[in-house]
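For the sequence shown, our numbering gives the first residue as 1, with consecutive numbering after it.
Worth double-checking, as some hints may not be accurate.
Simulated DEER-style distance windows between Cβ atoms [unchecked claim]:
hint : residue 1 : residue 2 : range
1    : K55       : D104      : 40 to 50 Å
2    : G210      : D104      : 38 to 48 Å
3    : T44       : T146      : 26 to 36 Å
4    : H115      : T26       : 13 to 23 Å
5    : E54       : A215      : 27 to 37 Å
6    : D162      : T65       : 13 to 23 Å
7    : N205      : E157      : 26 to 36 Å
The calculated EDC-like cross-link candidates involving lysine to aspartate or glutamate, where the alpha carbons are at most 16 Å apart (straight line), are [said to hold, decoys possible]:
hint : residue 1 : residue 2
8    : K135      : D179
9    : K72       : E83
10   : K119      : D222
11   : K55       : E181
12   : K135      : E78
13   : K135      : E161
14   : K72       : D104
15   : K119      : E238
16   : K119      : D226
17   : K119      : D213
18   : K55       : E198
19   : K57       : E198
20   : K72       : D42
21   : K135      : E148
22   : K55       : E204
23   : K135      : E88
24   : K67       : E78
25   : K135      : D162
26   : K67       : E54
27   : K67       : D42
28   : K219      : E238
29   : K135      : D100
30   : K219      : D240
31   : K150      : E188
32   : K135      : E204
Since the hints were made in silico from the structure, they are not lab data. Here a beta-carbon is modelled for each residue, glycine too, at the ideal position from N, C-alpha and C.
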Amino acid sequence: MAGHSKWANIQHRKGRQDEKRQRIWTRVVREIMVAARTGGGDVTANPRLRLAIEKAKAANMPADTIKRNVDKATGNLEGVNYEEIRYEGYGIGGAAVIVDTMTDNRVRTVAEVRHAFSKHGGNLGTEGSVAFQFKHCGQLFFAPGTSEDKIMEVALEAGAEDVISDEDGAIEVLTAPADFEAVKLALEAAGCVPEMAEVTFRAENAIALGGDDAARMQKLLDVLEDLDDVQNVFHNAELDEQGPSA
Numbered sequence: 001m002a003g004h005s006k007w008a009n010i011q012h013r014k015g016r017q018d019e020k021r022q023r024i025w026t027r028v029v030r031e032i033m034v035a036a037r038t039g040g041g042d043v044t045a046n047p048r049l050r051l052a053i054e055k056a057k058a059a060n061m062p063a064d065t066i067k068r069n070v071d072k073a074t075g076n077l078e079g080v081n082y083e084e085i086r087y088e089g090y091g092i093g094g095a096a097v098i099v100d101t102m103t104d105n106r107v108r109t110v111a112e113v114r115h116a117f118s119k120h121g122g123n124l125g126t127e128g129s130v131a132f133q134f135k136h137c138g139q140l141f142f143a144p145g146t147s148e149d150k151i152m153e154v155a156l157e158a159g160a161e162d163v164i165s166d167e168d169g170a171i172e173v174l175t176a177p178a179d180f181e182a183v184k185l186a187l188e189a190a191g192c193v194p195e196m197a198e199v200t201f202r203a204e205n206a207i208a209l210g211g212d213d214a215a216r217m218q219k220l221l222d223v224l225e226d227l228d229d230v231q232n233v234f235h236n237a238e239l240d241e242q243g244p245s246a
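Work out the full structure, taking the sequences as your base and the hints as a guide.
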């Protein structure tokens, strides 16, 4: 179960996220509200809401702020209704990009996303234009030095689809989205705490970019991630000078 080197890329991505920590609360609040509105406010019956609240706690969001936004979403308090919209497009060198948004104004959001693509060398595509290049899955990363045998035993027993050993010694566990939480809990119960764990879109094949192309692609990704309505940006570019940011 060999894999490409991803550990440096994961560390780079975390670093970029830390730089934008002040934006985390806004995105987490939207995720909580959409999760609660679509699946109800009972965390025991709503895995998506449990994961959103876990992210909120990791970002040091107060419990009363979390509860207030769950109440807004479930009708106990008046609040804004957000809808989820996914955009697909192409970046530098034909790199595939998926942009997940939550918005209360889709006209504004599509205009901002389209402008970001066109101004920075990309193109906004149609629905389905690049999604086939990604796999929707749960993804858990473990630091180099973690016991591969233990991770593999626990993860596969809990329902993981694959365990991939990185050449740097990091370990990647892949799950079906529906099995993500069960696998994560089983690993944590066994004392294996992931460095990063999320349900994501994992690129099936990467496009390598270097030099000016890598810098231009990074700029496009930064601009997209900084849009107020954007929740997540996924892509299949390998930026050899900086590493991918998503």
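A quick look at each hint next to the structure:
For the pair K55 and D104, the supplied restraint of 40 to 50 Å is violated, since their beta-carbon distance comes to about 21 Å. For the pair G210 and D104, the beta carbons lie near 39 Å from each other, so the given range of 38 to 48 Å is met. For the pair T44 and T146, the beta carbons lie near 30 Å from each other, so the given range of 26 to 36 Å is met. Hint check: H115 to T26, Cβ distance near 20 Å, so the stated range 13 to 23 Å holds.
The beta-carbon spacing between E54 and A215, approximately 34 Å, falls within the hinted interval of 27 to 37 Å. Remark: the range hint 13 to 23 Å for D162 to T65 is contradicted by a beta-carbon distance near 37 Å. At about 30 Å, the beta-carbon gap between N205 and E157 stays in the expected band of 26 to 36 Å. For the hint pairing K135 with D179, the CA-to-CA distance comes to about 15 Å; that is within 16 Å, so the pair holds.
A threshold of 16 Å between alpha carbons decides the hint, and for K72 with E83 the separation of about 14 Å falls inside it, so the pair holds. Proximity of K119 to D222 is assessed by CA-CA distance (about 13 Å); at most 16 Å being required, the pair is judged to hold. At roughly 13 Å between alpha-carbon atoms, K55 and E181 fall within 16 Å of each other, so this suggested pair holds. Proposed proximity of K135 and E78 is contradicted: the alpha carbons are some 37 Å apart, above 16 Å.
Distance restraint check for K135 and E161: the Cα-Cα separation of roughly 12 Å lies within the 16 Å cut-off, and the hinted pair is therefore satisfied. Straight-line distance between C-alpha atoms of K72 and D104 comes to about 14 Å, which keeps the hinted pair within the 16 Å bound. Straight-line distance between C-alpha atoms of K119 and E238 comes to about 21 Å, which puts the hinted pair past the 16 Å bound. A threshold of 16 Å between alpha carbons decides the hint, and for K119 with D226 the separation of about 14 Å falls inside it, so the pair holds.
The hinted pair formed by K119 and D213 meets the criterion: a straight-line CA distance of about 15 Å does not exceed 16 Å. Using a Cα cut-off of 16 Å, the hinted pair K55 and E198 holds, with the two alpha carbons roughly 10 Å apart. Distance check on the hinted pair: K57 and E198 sit about 15 Å apart at the alpha-carbon level, within 16 Å; holds. Distance hint between K72 and D42 is fulfilled; the C-alpha atoms sit about 14 Å from each other, no more than 16 Å.
Among the hinted pairs, K135 with E148 is inconsistent with the structure: their alpha-carbon atoms are about 23 Å apart, more than 16 Å. Restraint check: the Cα-Cα separation between K55 and E204 comes to about 26 Å, which exceeds 16 Å; the hinted pair is violated. At roughly 14 Å between alpha-carbon atoms, K135 and E88 fall within 16 Å of each other, so this suggested pair holds. Under the criterion of a C-alpha separation no larger than 16 Å, the hint pairing K67 with E78 is consistent with the structure, at around 13 Å.
In summary, the hint linking K135 to D162 is supported, as the alpha carbons are separated by about 13 Å, within the 16 Å threshold. About 13 Å separates the Cα atoms of K67 and E54, which keeps this hinted pair within 16 Å; it holds. Taking the CA atoms of K67 and D42, the gap is near 11 Å; set against the 16 Å cutoff, the hint holds. About 14 Å separates the Cα atoms of K219 and E238, which keeps this hinted pair within 16 Å; it holds.
With a C-alpha separation of about 15 Å, the suggested pairing of K135 with D100 holds against the 16 Å cut-off. A C-alpha spacing of about 14 Å is found between K219 and D240, which places the hinted pair at or below 16 Å, so the restraint holds. In summary, the hint linking K150 to E188 is supported, as the alpha carbons are separated by about 12 Å, within the 16 Å threshold. Of the pairs offered as hints, the one joining K135 and E204 holds, with about 7 Å between alpha carbons and a cut-off of 16 Å not exceeded.
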